[in-house]
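*Asks:* Generate coordinates for the entire structure from the input sequences, incorporating the hints supplied.
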Amino acid sequence: QKEVEQDPGPLSVPEGAIVSLNCTYSNSAFQYFMWYRQYSRKGPELLMYTYSSGNKEDGRFTAQVDKSSKYISLFIRDSQPSDSATYLCAMKGYQKVTFGTGTKLQVIP
Amino acid sequence: ETGVTQTPRHLVMGMTNKKSLKCEQHLGHNAMYWYKQSAKKPLELMFVYSLEERVENNSVPSRFSPECPNSSHLFLHLHTLQPEDSALYLCASSQVPSGNGYTFGSGTRLTVV
Chain A
725 QKEVEQDPGP LSVPEGAIVS LNCTYSNSAF QYFMWYRQYS RKGPELLMYT
775 YSSGNKEDGR FTAQVDKSSK YISLFIRDSQ PSDSATYLCA MKGYQKVTFG
825 TGTKLQVIP
Chain B
22 ETGVTQTPRH LVMGMTNKKS LKCEQHLGHN AMYWYKQSAK KPLELMFVYS
72 LEERVENNSV PSRFSPECPN SSHLFLHLHT LQPEDSALYL CASSQVPSGN
122 GYTFGSGTRL TVV
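Those protein sequences? They're chains A and B, same order as listed.
Just so we're aligned, residue 725 is where the first sequence starts under this note's numbering, counting upward by one.
Just so we're aligned, residue 22 is where the second sequence starts under this note's numbering, counting upward by one.
Source of the hints: derived by calculation from the structure; they are not laboratory data.
Please note: incorrect hints may appear among the correct ones.
Capping the alpha-carbon separation at 20 Å, the derived lysine to aspartate or glutamate pairs in DMTMM-like fashion look like this [stated by the list, open to error]:
1) K816/A / E65/B
2) K39/B / D106/B
3) K820/A / E105/B
4) K39/B / E88/B
5) K766/A / E65/B
6) K828/A / E74/B
7) K820/A / E74/B
8) K61/B / D731/A
9) K62/B / D782/A
10) K816/A / D790/A
11) K820/A / E73/B
12) K726/A / E65/B
13) K780/A / E739/A
14) K57/B / E739/A
15) K57/B / D790/A
16) K828/A / D731/A
17) K828/A / E739/A
18) K57/B / D807/A
19) K820/A / D802/A
A partial selection of chain B residues facing chain A, derived with a Cβ cut-off under 10 Å [claimed, not checked]:
20) Q27
21) S41
22) R75
23) A108
24) L109
25) N121
26) F125
27) G126
In silico negatives: residues of chain B with every beta carbon more than 12 Å from chain A [said to hold, decoys possible]:
28) V25
29) T37
30) K43
Where a beta carbon is used, it is the ideal one built from N, C-alpha and C, also for glycine.
*Replies:* Written out as structure tokens, the structure is:
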């Protein structure tokens with residue numbers, strides 16, 4: 725079993741839709757949870773960083789962590805064409821960061 | 022310049038060539054990383070330097086050789102690569118132990134012919 729599972733997509737949604745991106749994990753040692761956005765021909769950029777279970781909101785983005793289910797989500801409200809990118813989840817235990825494979829999102833105008 | 026800068030952006034090399042990738046960070050971070058990104062695979066950590074000392078080498082073939090002359094600069098020296106080494110090579114930096122995530126460069130797209 726992979727430590728981090730992420731559906732690669734692609735996921736296509738119309739502009740204005742609510743997008744839900746998800747990852748599951750198997751390692752109970754993961755304490756920190758991150759979402760990165762990667763545009764084509766660019767490196768990943770950090771979107772959200774959370775430590776505890778619950779929700780964290782930043783503008784149109786909400787990160788949700790459920791440690792009991794080993795499940796994390798990123799919600800994007802009022803999605804825009806500029807949100808079209810690959811979204812990578814990442815998790816960290818004591819030292820090492822483990823990344824998901826990324827979900828490719830396309831927001832259609 | 023700000024953030025993490027990688028050069029070159031694109032590199033095509035033959036299997037017998039020797040080349041180097043360069044990374045520079047302008048964030049005052051104390052740790053730097055090399056990652057390999059291949060299609061449909063998670064980011065693979067190759068090397069970690071913390072306070073200019075290599076602290077991790079994830080079973081990377083010896084044809085990849087990192088160098089970290091100071092906390093702002095990181096190199097990846099390449100020689101006798103294989104076609105399967107073609108990938109996007111990403112450099113990242115962070116502040117340890119207190120940092121919140123990595124800052125990545127735009128990567129070097131490497132093609133081995």
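*Asks:* Please go over all the hints and tell whether each is borne out by the structure.
*Replies:* Here's how the hints hold up against the structure:
no.: 1; hint: K816/A / E65/B; in the structure: 14 Å, holds
no.: 2; hint: K39/B / D106/B; in the structure: 14 Å, holds
no.: 3; hint: K820/A / E105/B; in the structure: 25 Å, violated
no.: 4; hint: K39/B / E88/B; in the structure: 15 Å, holds
no.: 5; hint: K766/A / E65/B; in the structure: 17 Å, holds
no.: 6; hint: K828/A / E74/B; in the structure: 35 Å, violated
no.: 7; hint: K820/A / E74/B; in the structure: 16 Å, holds
no.: 8; hint: K61/B / D731/A; in the structure: 10 Å, holds
no.: 9; hint: K62/B / D782/A; in the structure: 28 Å, violated
no.: 10; hint: K816/A / D790/A; in the structure: 15 Å, holds
no.: 11; hint: K820/A / E73/B; in the structure: 18 Å, holds
no.: 12; hint: K726/A / E65/B; in the structure: 13 Å, holds
no.: 13; hint: K780/A / E739/A; in the structure: 23 Å, violated
no.: 14; hint: K57/B / E739/A; in the structure: 32 Å, violated
no.: 15; hint: K57/B / D790/A; in the structure: 29 Å, violated
no.: 16; hint: K828/A / D731/A; in the structure: 9 Å, holds
no.: 17; hint: K828/A / E739/A; in the structure: 15 Å, holds
no.: 18; hint: K57/B / D807/A; in the structure: 24 Å, violated
no.: 19; hint: K820/A / D802/A; in the structure: 34 Å, violated
no.: 20; hint: Q27; in the structure: 8 Å, holds
no.: 21; hint: S41; in the structure: 19 Å, violated
no.: 22; hint: R75; in the structure: 14 Å, violated
no.: 23; hint: A108; in the structure: 13 Å, violated
no.: 24; hint: L109; in the structure: 8 Å, holds
no.: 25; hint: N121; in the structure: 5 Å, holds
no.: 26; hint: F125; in the structure: 3 Å, holds
no.: 27; hint: G126; in the structure: 5 Å, holds
no.: 28; hint: V25; in the structure: 7 Å, violated
no.: 29; hint: T37; in the structure: 28 Å, holds
no.: 30; hint: K43; in the structure: 15 Å, holds
This entry does not satisfy hints 3, 6, 9, 13, 14, 15, 18, 19, 21, 22, 23, 28, going by the numbered hints stated previously.
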